[in-house]
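Colleague: One-letter residues, chain by chain:
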Amino acid sequence: MSHSKKAAIFNKDEAKVNWHDKALWYVREKRDNAAHGVKGWEYLRDTASKIKGNVLSNLDNYLIEFEANAIKNNIKVHWASNAEEHNKIVHKILEEHNAKNVVKSKSMLTEECHLNPFLEAKGIEVVDTDLGEYIVQIAEETPSHIVLPAIHKTKEEVDELFQEHLGTNPSNGNPEYLTNEARKHLLNKFIEADGAITGVNFAIAETGGIVVCTNEGNADMGAHLAPVHIACMGIEKIIPKEADLGVFLRLLARSATGQPITTYSSHFNKPAEGTEIHIVIVDNGRTEQLSREDFRSSLHCIRCGACMNTCPIYRRSGGHSYDATIPGPIGSILSPGKDLKKHSSLPFASTLCGSCSNVCPVKINIHEQLYKWRQIIVKEESQPVVKKSILKITGKVLGNRTLYNLVGKSARFMLKYAPRFMVYSKLNTWGKARELPEVKNENFDTWYKINRKNNG
Amino acid sequence: MGRDAILKAIQKNKPSLIPLPEINLDAFEEPIDLLETFKEKVALVGGRIIALDAIKNIDSEIQKLYPNASKIISCIKESNLGTISISEKTNPHELEAVDLAIINGEFGVAENGAVWISEDNFPIRVLPFISNDLVIILNKEKLCSNLHEAYKLISERNRTFGLFISGPSKTADIEQCLVIGAQGAMSLTIILV
Ligand code: SF4
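The listed protein sequences derive, respectively, from chains S and U. Residue numbers 1 to 456, in UniProt numbering, belong to the letters of the first sequence in order. Residue numbers 1 to 193, in UniProt numbering, belong to the letters of the second sequence in order.
Hints should not be assumed to be uniformly reliable.
Residues from chain S shown here face chain U by an in silico Cβ test under 7 angstroms; the list is partial [as the list claims (entries may be wrong)]:
1. ALA23
2. ASN54
3. ASP60
4. ALA83
5. GLU85
6. LEU178
7. THR263
8. ASN269
No farther apart than 30 angstroms at their CA atoms in a straight line, the calculated lysine-lysine pairs in the DSSO-like style are these [what the hints assert, rightly or not]:
9. S/LYS363 to S/LYS342
10. S/LYS88 to S/LYS341
11. S/LYS338 to S/LYS363
12. S/LYS184 to U/LYS89
13. S/LYS338 to S/LYS50
14. S/LYS100 to S/LYS270
15. U/LYS12 to S/LYS88
16. S/LYS341 to S/LYS6
17. U/LYS14 to S/LYS72
18. S/LYS341 to U/LYS8
19. S/LYS5 to S/LYS22
20. U/LYS56 to U/LYS142
21. S/LYS6 to S/LYS379
22. S/LYS72 to U/LYS89
23. S/LYS184 to S/LYS122
24. U/LYS152 to S/LYS88
25. U/LYS12 to S/LYS241
26. S/LYS338 to U/LYS8
27. S/LYS155 to S/LYS30
28. U/LYS71 to U/LYS89
29. S/LYS372 to U/LYS8
30. S/LYS342 to U/LYS8
31. U/LYS8 to S/LYS270
32. S/LYS379 to U/LYS12
33. U/LYS89 to S/LYS270
34. S/LYS270 to U/LYS142
35. S/LYS39 to U/LYS142
36. S/LYS379 to S/LYS341
37. U/LYS140 to S/LYS341
38. S/LYS155 to S/LYS6
39. S/LYS241 to S/LYS270
40. S/LYS363 to S/LYS379
By construction, these hints were calculated from the structure, which means they are not laboratory data. Ideal placement from N, C-alpha and C gives every residue a C-beta, glycine not left out.
With the hints as constraints, model all of the structure from the sequences given.
Modeller: Written as structure tokens, this is what we have:
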């Protein structure tokens with residue numbers, strides 16, 4: 001099903017959509033506040049982008065350096081070309097330790113590889129221990145956002161899920177009560193676990209160490225209690241030097257949630273006495289993306305989620321509409337590279353307003369890459385009618401540089417000052433269930449002023 | 001085999017070498033009051049910060065803050081509150097019911113209220129996470145302005161396990177409502193001496 005069809009389903013519950021929209025915009029505003037508080041923020045972004053550019057141009061050597069240093073520190077390193085190899089490697093390590101109860105902290109890579117069902121089919125229990133991921137796991141869903149996995153769920157829905165799965169009392173969705181119940185339940189899981197899986201935020205070539213960032217402390221609870229810790233990373237997680245973390249950790253949490261840093265930024269360099277650390281380095285389509293000059297820089301992504309929070313389409317259509325592990329603007333660049341046919345509608349799920357590129361901490365030109373995918377897709381795939389007409393307009397505009405710049409500027413202006421009009425005009429299927437009909441008794445100016453007040 | 005195939009594919013597909021940028025750290029310099037900024041940021045991230053005149057007062061201060069704590073692990077020699085002693089040999093699973101851990105912090109980072117702590121400060125890695133509450137003792141002279149400075153300070157360390165910890169564990173995964181106390185410690189108190 002295309003993005004717009006799925007978005008139409010999400011838009012049926014208007015109250016929920018409005019909440020989703022506002023909640024994410026609020027996170028975007030927190031990001032702005034945090035960014036404005038840092039002297040040299042733009043220089044920081046620029047530097048991060050340049051470091052990532054260097055990384056991609058020297059990735060093979062950095063990976064070799066990383067591996068050698070990690071091995072020196074008693075860490076075991078594995079390589080996987082694709083999801084299947086990755087899953088088999090993880091399973092083999094667990095099997096060697098006779099591990100049956102595994103706790104996992106957030107890792108979009110293991111989602112991408114569908115690790116959970118693979119391990120479950122082999123009789124291994126996997127518990128997602130990030131609260132948001134735990135919620136979507138018991139709901140038998142997938143994360144709808146890379147930083148806020150359960151942002152699509154209301155607290156009442158969580159309440160019901162917990163009653164069913166944890167035997168909690170009805171609480172009208174009291175977040176403190178529910179979080180505390182999950183804490184108790186997950187503590188038992190951590191204690192029982194005989195294997196822990198985490199993601200990797202940064203892997204440092206110079207030291208062979210990895211850094212894992214969480215707010216909940218779940219990665220550390222898992223990794224330090226279980227006898228074996230398996231950390232899974234895409235090849236692009238490498239950074240050259242430890243000092244580069246100064247750049248990336250200053251950007252990551254501020255861009256993600258507006259916090260100055262995540263609660264825990266844990267640096268693993270050597271396993272503790274009597275335990276093992278394994279690192280699985282995964283390609284799964286990344287080297288192919290590296291070959292595409294126009295899309296290469298999408299591998300700079302540090303998975304902060306800022307482009308999702310700011311995207312007017314993401315906010316109004318929900319992460320599940322993208323039907324991909326990584327939703328939102330960055331996902332719409334990454335997914336077509338993996339399966340062009342399946343994900344051909346994603347690059348069209350954008351107003352090309354450029355807000356994503358403006359907030360991206362590693363300065364990926366996201367909206368320009370979306371446009372480039374459109375050009376490729378139009379050549380290769382047949383388009384539904386509405387898309388075609390949008391495309392005709394954007395095609396005409398973007399074909400002409402001056403016109404593009406002009407319209408780009410005014411589009412940004414419009415988004416700032418008249419987001420509803422821009423985004424929810426009749427042509428856009430994402431705005432189908434809009435309150436546009438209500439405008440009919442007012443002129444646009446009055447309607448817009450009132451609505452802007454009400455909807456921020 | 002995965003390794004060779006991946007490395008070969010990278011060699012084939014990577015762009016020609018782009019140099020690493022020189023980072024001009026002067027661009028981030030600000031005239032800030034380290035102590036005041038640090039205090040402000042610790043409060044922002046949900047931590048509590050207390051300045052003591054003399055280290056000999058820490059035990060009475062901690063007892064005031066955590067009157068109900070009975071299973072206490074102290075990793076600092078200045079405190080006599082410890083009721084459980086641990087070593088590198090302790091099974092981490094035995095720490096499940098610890099009420100309070102008291103550890104030394106190495107230095108604080110003003111820009112984000114984080115404190116660097118490492119395995120040198122606690123013999124069992126899981127301790128600062130599994131303990132219900134956490135107290136970090138920090139020398140108020142040991143503050144740096146930002147993470148760039150922080151990484152200089154730890155560049156020569158013996159690399160085993162260490163972390164920046166900024167406030168207590170927290171989550172906003174239920175309707176974006178901030179809840180303090182997720183899977184790690186429920187509270188963090190930094191005592192400046
Ligand atoms: S593309 Fe940029 S803004 Fe989006 S998640 Fe990645 S790093 Fe963050």
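Colleague: Starting from U/LYS71, check that the Cα of U/LYS89 is at most 30 angstroms away, please.
Modeller: holds (19 angstroms)
Colleague: Take a quick look at whether U/LYS12 and S/LYS88 sit within 30 angstroms of each other, Cα to Cα.
Modeller: The given pair, whose Cα atoms are some 27 angstroms apart, holds under the 30 angstroms limit.
Colleague: Quickly compare the C-alpha distance for S/LYS6 and S/LYS379 to 30 angstroms and report which way the hint goes.
Modeller: Within the cut-off at roughly 24 angstroms; holds.
Colleague: Hey, U/LYS140 versus S/LYS341, does the alpha-carbon distance stay inside 30 angstroms?
Modeller: The given pair, whose Cα atoms are some 59 angstroms apart, is violated under the 30 angstroms limit.
Colleague: Would the hint linking S/LYS338 and S/LYS50 be met if the CA-CA limit is 30 angstroms?
Modeller: holds (25 angstroms)
Colleague: Regarding the pair U/LYS152 and S/LYS88, is the alpha-carbon distance no greater than 30 angstroms?
Modeller: Violated: U/LYS152 and S/LYS88 sit about 40 angstroms apart, past 30 angstroms.
Colleague: Checking hints one by one. Is S/ALA83 an interface residue toward chain U, by the C-beta closer than 7 angstroms rule?
Modeller: For S/ALA83, the interface hint is violated, since the closest Cβ of chain U sits about 12 angstroms away, which is over 7 angstroms.
Colleague: Next pair to validate is S/LYS100 with S/LYS270; report whether the Cα-Cα distance is within 30 angstroms.
Modeller: holds (24 angstroms)
Colleague: Between S/LYS372 and U/LYS8, is the straight-line Cα distance small enough, at 30 angstroms or below?
Modeller: holds (27 angstroms)
Colleague: Measure nothing beyond the straight line between the CA atoms of S/LYS184 and U/LYS89; if it is 30 angstroms or shorter, mark the hint as holding.
Modeller: holds (26 angstroms)
Colleague: Given the hinted pair S/LYS5 and S/LYS22, is their alpha-carbon gap at most 30 angstroms?
Modeller: holds (22 angstroms)
Colleague: Given a cut of 7 angstroms on the nearest C-beta pair, is the interface hint for S/ASN269 held or broken against chain U?
Modeller: The hint holds - S/ASN269 has a Cβ within 7 angstroms of chain U, the shortest such distance being about 4 angstroms.
In the structure shown, a violation is registered for the earlier hints numbered 4, 24 and 37, in ascending order.
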